[in-house]
Structures are given as structure tokens and as C-alpha cells.
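Numbering-wise, the sequence shown is residues 1 to 60 according to this note's numbering.
Honestly, I wouldn't trust all of these hints.
Label pairs and their calculated CB-CB ranges [said to hold, decoys possible]:
#1 Leu49 x Ala7: 18 to 28 Å
#2 Arg54 x Thr3: 18 to 28 Å
#3 Thr11 x Ala31: 26 to 36 Å
#4 Arg24 x Tyr48: 32 to 42 Å
#5 Leu32 x Asp8: 19 to 29 Å
#6 Gly57 x Ala28: 33 to 43 Å
Don't read these hints as lab results, they were simulated from the structure. Ideal Cβ placement from N, Cα and C applies to all residues, glycine included.
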Amino acid sequence: MQTIRWADEATTDLVEIIDYIEQRNPFAAEALNANILRAVEGLPSAPYLFRLARELGTRE
Numbered sequence: 001m002q003t004i005r006w007a008d009e010a011t012t013d014l015v016e017i018i019d020y021i022e023q024r025n026p027f028a029a030e031a032l033n034a035n036i037l038r039a040v041e042g043l044p045s046a047p048y049l050f051r052l053a054r055e056l057g058t059r060e
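With the hints as constraints, model all of the structure from the sequences given.
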């Protein structure tokens with residue numbers, strides 16, 4: 001089974017997005033974060049649902 005590796009830039013972007021939304025709507029920010037993390041957890045079981053990335057051996 002594949003493992004998920006978050007790029008540093010992706011982690012930073014996610015934190016910034018969630019922080020931005022949280023300032024306006026904390027409940028929406030929490031829900032969005034949970035939905036994203038839930039979706040990412042399922043990726044190893046179905047990795048071919050997504051297109052190939054530029055970096056060899058990765059998908060977007």
C-alpha cells in the first residue's frame with residue numbers, strides 16, 4: 001500500500017487556508033480540514049483515481 005507524503009508547501013498552504021477560513025467561520029474551517037484529511041486518508045487504497053504528478057512516482 002502506498003503512503004501519503006505531504007510536501008512542505010502543501011502543509012503550509014493547508015494551514016494558511018484553514019487559518020484564513022477560521023477567522024471568518026471556525027465551524028467551516030474545522031469541517032473543511034476534517035473533509036480534506038478524510039479524503040487524504042483514503043488515497044492509499046485508490047491511488048490511481050488521480051493524475052500523475054510532475055515528480056516521478058507521485059500523483060496529484
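Hints versus structure:
no., hint, in the structure
1, Leu49 x Ala7: 18 to 28 Å, "19 Å, holds"
2, Arg54 x Thr3: 18 to 28 Å, "19 Å, holds"
3, Thr11 x Ala31: 26 to 36 Å, "19 Å, violated"
4, Arg24 x Tyr48: 32 to 42 Å, "36 Å, holds"
5, Leu32 x Asp8: 19 to 29 Å, "20 Å, holds"
6, Gly57 x Ala28: 33 to 43 Å, "34 Å, holds"
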